[in-house]
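J.: When you get a sec, could you build the whole thing from the sequences and use the hints?
Chains as they are written, first to last, in our numbering: chain Y, 181 to 735; chain P, 337 to 587; chain C, 450 to 563.
Source of the hints: derived by calculation from the structure; they are not laboratory data. It cannot be assumed that every hint is accurate.
[As the list claims (entries may be wrong)] Below, simulated DSS-like cross-link-like pairs (lysine-lysine); rule was C-alpha separation at most 30 angstroms, straight line:
1. Lys478(P) - Lys500(P)
2. Lys527(C) - Lys445(P)
3. Lys427(Y) - Lys478(P)
4. Lys468(P) - Lys427(Y)
5. Lys200(Y) - Lys302(Y)
Treat the numbers as computed from the prediction; the structure is a model and nothing was measured.
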Amino acid sequence: MSTATILHLPNQATATIPKKNYITAEHGLLSWLLTGDHKRIAMLYLISITFFFFIGGAFAGLIRLELLTPQPDLVSSDTYNKFFTMHGIIMIFLFLVPSVPATLGNFLIPVMLGAKDLAFPKINLLSWYLYMTAGVVVLTSLVMGGVDTGWTFTTPLSTHYLNTNVMTTAVGVFIAGFSSIFTGLNFIVTIHRMRAPGMTWFRMPLFVWSNYAASILMVLGTPVLAIALVLVALERTLGIGVFDPTKGGDPLLFQHLFWFYSHPAVYIMILPGMGVISEVISTFSRKRVFGYTAVAFSSVAIALFGFFVWAHHMFIMGVSNYSALVFSLLTMLVAVPSAIKIFNWAFTLQKGSLTFETPMLYAFGFMGLFTIGGLTGVFLGSLGMDIHLTETYFIVAHFHFVMVGGMLMAFLAGVHFWWPKMTGRMYPEGLSKLAAVVTFIGFNLTFLPQFILGYLGMPRRYHAYPQEFQVLNVLSTAGATVLGVGYMLPMIYLAWSLKYGAIAGNNPWQATGLEWQIQSPPLTENFPITPIMDHEAYDYEWLAHKMEQEGNDVG
Amino acid sequence: MANTVATTHPEVAHHAHDEHVVLPQHRHHFETEEQQREAGSFGMWLFLLTEIMFFGGLFFAYLLYRNWYYPAFAVASNQLNVPEGAINTAVLISSGFCMALGVWAAEVKKKGFLVLMLVLTTFFGLVFLGIKADEYHEKYEKHHIPGASFSTAMFTHPADFGIKEEPIAPDMAEHTQLFFFLYFAMTGMHAFHMVLGIGILFWLTWRAHKGEFSEGYVAPIENFGLYWHFVDIVWLFLFPLLYLINRHPLH
Amino acid sequence: MAEHIKHHDASNVVNPEHAEHHIVSPLEYTFVFAFLLLFTGITVGAAYVDLGWANPVIALGIASLKAVVVILFFMHVKYQSKLIKMTVGAGFFTFFVLIMMTMADYISRAWGTW
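T.: Below, the structure written as structure tokens:
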């Protein structure tokens, strides 16, 4: 590996952070809590989701601690159930769903489009307050004793057979859903109606396309989760039997409504991450994304097909054989656009001028780990395999590969890539590379053994297991510890960089994209004059031409 | 506050067909008033899409159980009052008509007529809720509210109550409770949306009275109108589905 | 930098599809109002006549017709941009996917083993 880098910083002796930017524009706590500025809201979200990430992570630690030994010796089964339920709810609804859209999406989408803000700044702020309310409600439920239904709230367990804080948690998730809906709504209107002159659909960065597709899912899918939770709440209060078989109800009705959202939800989570990968791979290959149109249409195709496959989470639950067959076939179909994207990124890398800065390391991690996760998803989509693998650790490994190996790595890639733009400072590259490698090693050590555990038959959501599975579980817990270290490091050095990091300048990565043509950190109004987009996306010739013309000393 | 559109676009006054109307409510991140209005309308439609999907879940639950327990749903449905339901449908259609006229009034800048239409819309909305309350009360009296006080007697022994229906078996009669649960859930969810709408109507009426919507700024009236019509559409489906399952039982 | 407004960018900003801002007249609204009331009456009347399987079809058909008329006229969609029309379509499409695909599961459960 060469020590080449495309990093181009201004002369540190003379460079300063621009005096007028969105951070210094106004002072005081209220100016942040009542802001309409999409960039400030993005920062608020970044802090909040990081907070919830570590709570969710703590539960993961507790789960892995219990699973060190085959006996159920650390906590009782009810408590263990609470661990994995809270881990799932916090990680999915309070971390993964808002992660890229609410932080990077909020910050960058208006800038990438040449707009001054999102379409509805006040609704954007409302989104954040709804998110915080949801977080507080979930924490309240936690403090009151937690909930142990699993994040899937399966009925009639959640409606009739448990006395834990199902209602409180359901309320929290309901509110988080609205936060998500309003973010998606804002993005869709902005992308359709607030692009700068010359910014046609096919000149937009692929990051915007991905967030657009995810936003459609947020708006159309989340309300169905909302009604499913409302029905659970009503059922718990009135006990009519809408999901209770002893009273003539169908528990599968809940599952149909729940998974109608929760399957698109996984695409809500991954699509924005894929958007990040497009940007990062292009920049660190110095090459336009191969097959721009294919990647753009694939994003929308994933969103569309994602609505047709939900019952693959219900194959063993009692759906008809015909239904299972149709959903299985459709599941094979939905894998295709994701694969198309991986191929296109691979071809972008080919003959590119590669350098391996931290964002690129995370992007490579994504390519490998998401491929494994995605392929195992196809295995699970085929009926015969699923009968044996469902509800085992194979599923757990599958979704952690796509969500953590895929999405979380993409999130970290994005945070590192745009950190200099959002804060004006560079993070320390040596330490960040170390963290990326540690994370990759830790991740594989944690989750590869779980694939094996799964096909050997270890069930998920159990805190006791047969003796012969212990070695693999110990490996997994060891990996989790390493992974934890890998995630702690960015917390430390990113915070450090705010004060001591190198001054980044406008375009430290020499990237294309409108966000790199403005100062770091940006002005509140983003652009002093409305830009006119007169070139294609990822046009490195245009960039080279422009840099020749202006020189790029920033002070 | 400096009117940024005017200062950077001095030729505004000369472009008649472009209609770069400059209103005090113009938000700085939009280039033109037209863009702001379109964005607002589009945003409201996206919100209505979420409402379609939200009610969609309830409609599906209803479709499923009507299919599974048709006899119970049919006899239970006949306990609902068709005249009250039909009148309520007409009331809501009237309120929608008034709302649409209100939007027109805002567009042609007739303040007095706008306020009148908003008041009438609110009035009809309140009439709807009043009739609904009466219906709910009747359900309470007949022991048709799901829960501890629910009674299936009217369905297992209709003749005792002077009801011209076939009696149904006790186990099927249990499922009438499911019908009433869905009835209260769906009409209750609908009524909740009406209450929210009426609250907003009070606020809008007051602002309209102050003249906020008669100088060309019509977006809030227009967008609220979209919401109100949507709530109306939900009722247009609820009425036949809940009240008119089988109104010719003994043929 | 005022040129960009006259730029009339074909893909965005000022009214991209140049949908004329049509004001629906009170007369049109009155026709719609009468139509809706008429069909409410028809729906109630039809419910009391035994038409077998056609009863729910007629009831839902009339309700759908009324809904379409409210959407096109009271909600102005007939005179709006293609974007708005597609948005409305997308909403109902997703609603139908939910209903149809879920119903397909329940209907096919009764088909017995295979």
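J.: It remains to establish, for every hint, whether it holds in the given structure.
T.: So, going through the hints one by one against the coordinates:
1. Lys478(P) - Lys500(P): holds (16 angstroms)
2. Lys527(C) - Lys445(P): holds (22 angstroms)
3. Lys427(Y) - Lys478(P): Measuring from Cα to Cα gives roughly 22 angstroms; hence the hint holds.
4. Lys468(P) - Lys427(Y): Within the cut-off at roughly 28 angstroms; holds.
5. Lys200(Y) - Lys302(Y): holds (23 angstroms)
Consistency with the previously given hints is maintained throughout, with no hint failing.
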